[in-house]
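Novice: Protein chains in written order, with the UniProt record's numbering: chain A, 1 to 509; chain W, 1 to 509; chain H, 1 to 509; chain V, 1 to 509.
Just so you know, these hints were derived from the structure itself, not from any lab.
Among the hints, erroneous ones may be present.
Given that identical chains are not distinguished, each listed pair holds provided it fits within a single copy or across any two copies.
Dumping the calculated DSBU-like pairs for lysine-lysine here, alpha-carbon to alpha-carbon at most 30 Å [to be verified]:
#  : residue 1 : residue 2
1  : Lys466    : Lys338
2  : Lys411    : Lys126
3  : Lys466    : Lys218
4  : Lys246    : Lys76
5  : Lys79     : Lys126
6  : Lys246    : Lys466
7  : Lys457    : Lys503
8  : Lys338    : Lys503
9  : Lys457    : Lys246
10 : Lys218    : Lys73
11 : Lys73     : Lys180
12 : Lys76     : Lys228
13 : Lys90     : Lys411
14 : Lys73     : Lys411
15 : Lys503    : Lys246
Here are the chains, one letter per residue:
There are 4 protein chains.
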Amino acid sequence: MEKWDSNEGTSAFHMPEWMQIQFADQKQEFNKRPTKIGRRSLSRSISQSSTDSYSSAASYTDSSDDETSPRDKQQKNSKGSSDFCVKNIKQAEFGRREIEIAEQEMPALMALRKRAQGEKPLAGAKIVGCTHITAQTAVLMETLGALGAQCRWAACNIYSTLNEVAAALAESGFPVFAWKGESEDDFWWCIDRCVNVEGWQPNMILDDGGDLTHWIYKKYPNMFKKIKGIVEESVTGVHRLYQLSKAGKLCVPAMNVNDSVTKQKFDNLYCCRESILDGLKRTTDMMFGGKQVVVCGYGEVGKGCCAALKAMGSIVYVTEIDPICALQACMDGFRLVKLNEVIRQVDIVITCTGNKNVVTREHLDRMKNGCIVCNMGHSNTEIDVASLRTPELTWERVRSQVDHVIWPDGKRIVLLAEGRLLNLSCSTVPTFVLSITATTQALALIELYNAPEGRYKQDVYLLPKKMDEYVASLHLPTFDAHLTELTDEQAKYLGLNKNGPFKPNYYRY
Amino acid sequence: MEKWDSNEGTSAFHMPEWMQIQFADQKQEFNKRPTKIGRRSLSRSISQSSTDSYSSAASYTDSSDDETSPRDKQQKNSKGSSDFCVKNIKQAEFGRREIEIAEQEMPALMALRKRAQGEKPLAGAKIVGCTHITAQTAVLMETLGALGAQCRWAACNIYSTLNEVAAALAESGFPVFAWKGESEDDFWWCIDRCVNVEGWQPNMILDDGGDLTHWIYKKYPNMFKKIKGIVEESVTGVHRLYQLSKAGKLCVPAMNVNDSVTKQKFDNLYCCRESILDGLKRTTDMMFGGKQVVVCGYGEVGKGCCAALKAMGSIVYVTEIDPICALQACMDGFRLVKLNEVIRQVDIVITCTGNKNVVTREHLDRMKNGCIVCNMGHSNTEIDVASLRTPELTWERVRSQVDHVIWPDGKRIVLLAEGRLLNLSCSTVPTFVLSITATTQALALIELYNAPEGRYKQDVYLLPKKMDEYVASLHLPTFDAHLTELTDEQAKYLGLNKNGPFKPNYYRY
Amino acid sequence: MEKWDSNEGTSAFHMPEWMQIQFADQKQEFNKRPTKIGRRSLSRSISQSSTDSYSSAASYTDSSDDETSPRDKQQKNSKGSSDFCVKNIKQAEFGRREIEIAEQEMPALMALRKRAQGEKPLAGAKIVGCTHITAQTAVLMETLGALGAQCRWAACNIYSTLNEVAAALAESGFPVFAWKGESEDDFWWCIDRCVNVEGWQPNMILDDGGDLTHWIYKKYPNMFKKIKGIVEESVTGVHRLYQLSKAGKLCVPAMNVNDSVTKQKFDNLYCCRESILDGLKRTTDMMFGGKQVVVCGYGEVGKGCCAALKAMGSIVYVTEIDPICALQACMDGFRLVKLNEVIRQVDIVITCTGNKNVVTREHLDRMKNGCIVCNMGHSNTEIDVASLRTPELTWERVRSQVDHVIWPDGKRIVLLAEGRLLNLSCSTVPTFVLSITATTQALALIELYNAPEGRYKQDVYLLPKKMDEYVASLHLPTFDAHLTELTDEQAKYLGLNKNGPFKPNYYRY
Amino acid sequence: MEKWDSNEGTSAFHMPEWMQIQFADQKQEFNKRPTKIGRRSLSRSISQSSTDSYSSAASYTDSSDDETSPRDKQQKNSKGSSDFCVKNIKQAEFGRREIEIAEQEMPALMALRKRAQGEKPLAGAKIVGCTHITAQTAVLMETLGALGAQCRWAACNIYSTLNEVAAALAESGFPVFAWKGESEDDFWWCIDRCVNVEGWQPNMILDDGGDLTHWIYKKYPNMFKKIKGIVEESVTGVHRLYQLSKAGKLCVPAMNVNDSVTKQKFDNLYCCRESILDGLKRTTDMMFGGKQVVVCGYGEVGKGCCAALKAMGSIVYVTEIDPICALQACMDGFRLVKLNEVIRQVDIVITCTGNKNVVTREHLDRMKNGCIVCNMGHSNTEIDVASLRTPELTWERVRSQVDHVIWPDGKRIVLLAEGRLLNLSCSTVPTFVLSITATTQALALIELYNAPEGRYKQDVYLLPKKMDEYVASLHLPTFDAHLTELTDEQAKYLGLNKNGPFKPNYYRY
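Please work from the sequences and hints to get the whole structure.
Specialist: Dropping the structure here:
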């Protein structure tokens with residue numbers, strides 16, 4: 001079993017500043033109940049939870065002008081239960097249809113349900129969850145239920161809940177506490193309602209961003225005695241766990257599903273290969289053919305963006321700091337340049353570095369009229385948008401997510417999503433990508449819940465490769481893909497188990 | 001510093017049978033001096049040394065009908081030295097020109113020479129080497145010399161020596177003991193002449209296949225007292241080292257350069273993307289457009305083959321045993337099938353699995369007339385060629401490396417290179433790929449030779465990532481590629497050193 | 001039988017039924033003024049005008065609930081003129097901004113304006129136009145004005161007018177008669193207001209669909225005495241002209257700009273390569289990677305669709321009736337199948353044939369659950385949508401332009417845009433494509449207006465290749481593309497004029 | 001000025017100088033029997049015959065040191081006939097095997113044979129042919145025989161005959177007069193032996209380059225009374241025919257098969273897409289990934305080269321003189337430059353223009369060390385190789401077809417094939433491409449031979465599109481490609497015959 005720490009030394013030189021800063025923020029959260037005043041820092045922390053599973057699909061029922069807080073309403077589902085808190089239980093039917101549509105595109109979870117009809121691998125599990133609440137999450141929750149688990153759920157983001165989906169879950173008996181547009185106080189109240197229950201105590205945690213985990217740490221530390229493990233899927237939440245582990249304060253096993261191979265490939269390479277085109281098209285209706293583009297960063301995201309744009313007839317330049325990735329860019333047919341060399345000539349600038357201030361005001365000053373600037377990488381740090389908030393520049397909002405920043409000489413720069421992530425703001429995350437994530441989460445819960453005593457200690461673990469492979473295999477039928485099985489002779493020759501794992505942990509895929 | 005063993009568990013379930021068998025063979029080699037009778041097993045062992053650096057370029061001077069054994073000749077170079085043994089010292093001038101041409105395509109080594117003019121990082125190093133002896137190796141050896149080292153060299157393969165290059169090296173003062181067509185006895189005699197010298201004792205070993213290392217283990221174990229490290233580049237040699245390490249018998253640090261990132265990408269993905277086309281074209285003059293091809297295995301080699309053939313207009317099917325690689329194939333646009341599903345319809349079958357008997361007689365029986373079968377993967381095990389040596393089938397050699405195997409009904413299968421590696425038998429390894437390998441070797445030698453006491457123990461190590469990145473960076477100027485440097489602020493933000501390493505060890509590139 | 005020197009006979013065997021039928025409809029139009037009752041057939045005819053220049057961009061000001069007909073309003077522009085009829089002259093400012101944005105993406109027309117500052121190639125021209133009225137058309141009209149022409153304009157489609165753009169044109173002095181949502185009676189009234197003017201008679205016609213031309217034929221045949229030529233850009237309009245010419249009734253030269261090389265490539269290959277992805281993504285948010293797609297038809301549109309989807313990792317099958325195009329599909333790496341062979345397995349069906357009933361109810365019955373069906377080809381005939389209007393099937397509108405058609409067993413087919421053109425309904429036509437068309441129109445007008453007596457007779461002509469090349473050359477600066485000039489020696493060697501044309505007319509590009 | 005109905009005028013402005021000059025040369029040939037002294041000019045003319053069907057495959061039996069001229073030998077085949085003249089009739093068996101292998105890759109001709117078993121469309125035809133004599137030609141000849149024709153054959157090139165194939169044809173009864181290494185006198189003697197026969201007079205001509213046609217014009221003009229037509233496949237030969245036609249001297253119908261769609265696509269786009277890689281690899285063993293390449297000319301050949309190199313990871317620049325092709329290059333993702341802009345930085349220069357002196361000495365002076373220069377376009381005029389024959393430059397032949405040209409400062413330019421066509425000199429033409437050509441020739445012969453009186457006049461014709469489509473359809477089974485048939489309803493709708501032709505003549509594919 002691979003432990004994160006076994007890659008020691010690695011994390012030593014990889015303690016990025018933004019994580020450290022963030023951790024400071026988070027420690028605050030443990031010390032004092034967030035107040036209205038603390039809202040900015042808190043909502044920032046919340047928004048850093050795993051946005052990769054946040055579907056930008058708009059709620060169909062947002063136009064509701066019901067101003068009453070859900071906390072002040074009395075609602076019951078059709079079976080008479082009122083152990084939930086959602087915007088409007090009457091939206092359940094509409095949410096159910098959304099869930100049914102999502103089910104069709106999440107075949108892996110549906111397959112898990114089928115396989116679990118005899119055995120219930122999560123029988124006895126009491127899972128408390130805190131994630132975005134979308135149709136896809138609903139499919140995950142109902143799958144966990146079908147596998148034998150009891151669940152209670154809150155939202156990990158105050159904006160992302162689909163109210164009708166929450167209603168549908170409540171209607172079918174899930175204690176869900178979430179609505180779109182929660183206040184900060186609501187946010188923590190909902191979480192508390194999930195864990196602070198008479199006669200019910202969770203034994204598993206599924207978290208996205210770490211807020212739930214830390215609430216329990218702060219308020220109900222004794223609860224960890226019964227908890228068998230934590231599954232966490234966000235960069236931020238994972239980082240918090242490693243910090244706890246380092247500080248010797250992690251008192252249960254935790255599984256980092258963010259870094260599983262299958263999830264990473266889909267979150268980055270495959271998803272961005274499509275969303276870069278989609279995001280640019282929806283915002284600008286531009287034509288890609290013949291356009292000169294510079295892509296900053298040639299990691300998985302950059303590779304996806306470059307491949308897509310090259311295929312559409314763009315001329316793509318790449319910038320990189322890492323010589324190995326730089327050499328890959330060369331071998332893939334991209335000119336490797338410094339940003340300054342091409343900044344005057346390009347039509348589009350795309351950042352995918354995970355770094356900060358990759359595009360500076362100086363770069364922006366030198367771009368040509370009409371140049372499009374967007375960020376596919378990380379948070380909102382890559383483009384120095386703040387530097388554009390100066391008096392001599394005029395901002396003009398021309399569409400949703402599209403600003404023209406106008407220089408005194410009339411030059412216009414087209415800034416997308418104000419420098420936030422284009423793929424989340426101006427495109428959608430395909431359900432198939434979310435299916436990969438949800439399946440990974442389900443298997444991690446099963447693994448932790450069923451692991452024999454001693455397999456996992458009070459540490460942070462990667463998903464076992466065999467389970468990672470299983471996630472992949474559950475998605476192959478979607479493509480009518482037929483896997484070959486090793487013969488006994490071949491397995492012996494290769495020194496492999498016929499059922500995997502098939503690769504050493506360091507394999508690079 | 002990453003140790004191989006830190007990926008523990010991995011190697012545990014990755015002890016392939018063919019390595020185990022081979023190791024048995026190799027142990028024999030330590031026990032008795034190979035005899036004429038032992039030739040088959042030995043030459044097999046030899047041929048398993050790193051064929052990846054074996055250039056198929058023919059010697060220009062092979063037509064020599066000089067039958068005298070070099071061991072029986074008296075030769076001197078122009079400076080009067082006779083401390084060498086080559087086919088014909090008079091071929092030196094021709095070999096020199098080959099070396100000069102190779103120098104032009106190995107800019108990284110030439111850059112190392114320049115940088116080393118002030119400091120001599122290998123001053124005092126006494127390197128004994130055992131590799132293929134080609135123009136590219138010569139550039140490496142002369143670079144090591146320029147960096148301050150003394151070298152003595154033998155061939156790691158009895159067939160691959162370019163005689164004129166060996167002559168050129170001897171002429172310029174390198175004690176080289178190698179010629180094309182050595183007997184088994186010659187082979188070990190040459191190695192012995194490298195190490196068994198009055199008044200000179202090696203302190204570094206550069207090996208390719210492990211024969212030199214094991215000769216010293218067997219005959220001169222005391223020599224290891226002065227040896228600072230071993231650099232090994234072949235799969236086989238690396239495996240031998242891990243066996244020694246496991247058995248507690250490794251008495252110096254060893255560096256596995258086979259698995260460095262840059263080398264792997266070039267040996268597999270980039271090289272095979274081109275050599276699959278080249279190998280097929282040179283042997284069959286076929287047209288790729290519209291052809292149906294099945295590629296068995298979607299690792300780096302398979303990915304390269306698939307990408308190239310797809311780009312040329314072939315219709316490509318993929319078989320896989322690993323669900324993660326299988327899912328990658330799907331997302332890259334290839335139908336994932338079992339071999340049986342398409343075997344009747346495909347025009348070409350390519351194996352890249354590392355496995356054995358992937359293409360069986362049953363498959364061969366079902367292929368259509370004219371189907372081309374070749375192996376890009378591993379050794380000669382992937383296609384069950386032996387099964388074709390039956391009386392009812394007729395073999396017809398139609399060109400060098402091309403056999404028609406004819407069924408009783410007239411059906412012909414086109415078998416390339418008798419199932420051995422197509423890219424080595426029917427294509428060439430570009431100098432640029434060899435430059436990556438040679439640079440990796442040089443840096444590994446420098447690292448081991450200069451490492452402070454205690455950094456490396458008696459174990460097998462991967463090349464430090466920083467050095468791996470350095471290899472890549474030395475090859476960027478070839479592409480006029482300009483790397484971006486982190487600002488201080490950015491480095492701090494990312495928690496990185498501005499000079500690298502830039503990625504954690506588990507990064508998948 | 002084909003002779004090199006002549007393409008005659010070509011059109012003989014290419015008189016498709018739908019054109020014949022349509023022509024019958026059109027003849028009706030000449031015979032009687034359309035009435036309310038005739039509306040259906042008429043609007044059908046109208047909708048067959050060149051939809052390729054119809055931008056789907058929504059008007060920003062449609063929410064206006066002003067129900068008064070523009071014909072009943074009294075409006076004046078700021079200069080006091082009331083020679084126009086638009087929805088609301090007060091929207092002029094907003095429309096002006098739209099025009100200014102379009103100007104930035106139509107550099108060829110802007111270049112024409114600049115070059116025309118000295119000479120006014122259209123001085124004296126009185127152009128009456130009937131096209132879609134969009135920001136791009138406005139740039140064309142104002143360019144014609146800058147080149148010296150007077151213009152009067154009506155809309156060729158009762159739905160496509162952008163009211164604010166029409167207002168802006170009216171404000172700056174163009175007599176424009178058009179609004180969104182005209183009745184059939186309005187439609188002809190507007191056209192009539194363009195031509196039936198005291199003291200002004202057109203000498204050039206720019207038409208899109210042929211309605212204007214035929215109105216003049218019917219009502220003011222004497223007007224043709226002063227008319228120097230007609231420029232027509234739609235398939236339908238061009239067909240009408242050939243019919244007139246055949247019948248010996250064409251009394252002025254006409255230029256068919258629909259078939260110019262540059263326009264064709266952009267309307268079909270380049271535009272569809274991007275819009276197929278955009279249209280699918282906006283409607284379904286699907287992931288392309290690994291999906292199985294069948295594209296019916298491998299003309300320019302099919303080639304564009306196939307290339308794009310292949311690049312995104314889809315597995316693409318092609319159907320064709322023409323063996324030459326079929327062989328091209330093979331050589332480009334697509335399996336050529338009959339639709340029946342793959343209909344059960346594909347995830348997406350795309351038609352690009354120009355044919356009718358390519359996808360039949362029988363095919364639809366056999367598709368798998370969730371299969372997406374859309375049309376990129378021609379009109380709305382390719383998919384037999386009517387066959388889905390049967391009682392046992394349920395239609396469910398799930399989004400704008402997206403219907404689920406549900407079979408009794410629960411199978412859902414996802415039908416896009418009800419079988420109408422996906423790229424027009426669910427994507428946008430990039431301004432660059434419209435720029436190519438508009439520039440072609442402008443040059444055709446200049447050519448016809450300035451041609452010496454006798455160059456053009458009463459016939460239909462293709463845009464001279466030299467002008468076609470000029471359109472292309474005006475768009476090269478967008479890409480910072482630098483054309484090479486022939487030396488005198490080279491021009492002589494090739495037998496070419498240094499300024500073109502560079503290719504024979506039969507050249508296939 | 002171009003009219004839709006006619007492509008006339010086209011050829012008017014396309015009388016390239018090199019064709020005019022060549023024609024002057026050729027007129028000489030009609031005036032005087034070539035003498036030893038005239039050899040240079042003649043062989044030049046000969047070498048300009050259709051080299052596109054010349055396979056570079058070496059004869060396997062050339063090492064023969066038999067110096068006797070075939071004209072002086074007495075040879076009989078096994079049936080006792082001596083009506084042939086080949087190098088050595090005993091090589092027949094080896095040639096037969098070559099023919100049999102070729103048959104497997106020329107399925108279209110084999111299909112024609114089968115279909116012709118009942119009817120013999122060439123019964124009574126007496127065909128005299130003059131082409132390259134290769135295994136593929138043999139398959140064509142034997143197909144013509146199977147279709148009912150009698151044939152007599154000479155070589156169109158003094159170097160390209162495969163002696164063993166000629167022997168096999170002679171052995172099976174074909175009067176063949178050809179051998180490798182004919183003198184000029186031999187060349188015309190062989191042609192004369194084909195036509196000047198007692199009791200046999202040709203009624204069809206199949207020519208490649210026009211030498212046979214013109215020999216008959218000059219020596220046996222009366223023969224044309226019985227000749228039903230000429231089929232010509234080379235650019236040069238076709239040009240000669242148009243000249244004759246223009247001069248009113250063409251006295252039989254002639255068919256230009258060079259410009260048929262299918263043949264053109266395969267000769268240029270599809271063939272060059274593969275042969276550019278093959279030619280570069282075989283000569284230089286270079287790696288394509290990351291290399292900077294400039295391709296001069298973006299016609300079909302240039303498009304093929306660019307697509308292939310881009311796919312292999314090269315960075316490709318394009319130069320063009322034609323704005324339409326230039327715009328295509330932009331939309332396909334290539335930077336359009338003038339050669340001067342990139343000449344210092346590129347690793348490879350490839351010409352595909354059909355022009356002369358595209359690469360001048362000035363360009364060559366500015367290239368960087370190691371730059372590779374080659375010609376994929378036309379003849380040997382594109383690179384000014386003559387300018388490199390100056391005293392200060394040293395030429396060094398490093399391999400067959402590879403010269404290093406060395407500047408005084410040591411800079412080396414790698415010149416391939418001395419500036420002649422790379423794809424013919426250093427690669428092979430796949431049999432599939434030759435199959436397309438041979439099938440086109442066979443169908444043209446059938447058409448001309450069977451055409452009803454009056455269909456063809458004394459003029460030059462293109463292959464009817466229906467036959468062009470038939471050539472394509474005969475090659476579809478190779479790819480297991482399944483063509484869709486129009487329904488009656490669809491055919492009516494499109495105004496097409498169900499059996500084609502499916503496109504108008506001006507269709508651009």
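Novice: Would you pick out the hints that fail for this structure and give their numbers low to high?
Specialist: 2, 3, 4, 12, 14
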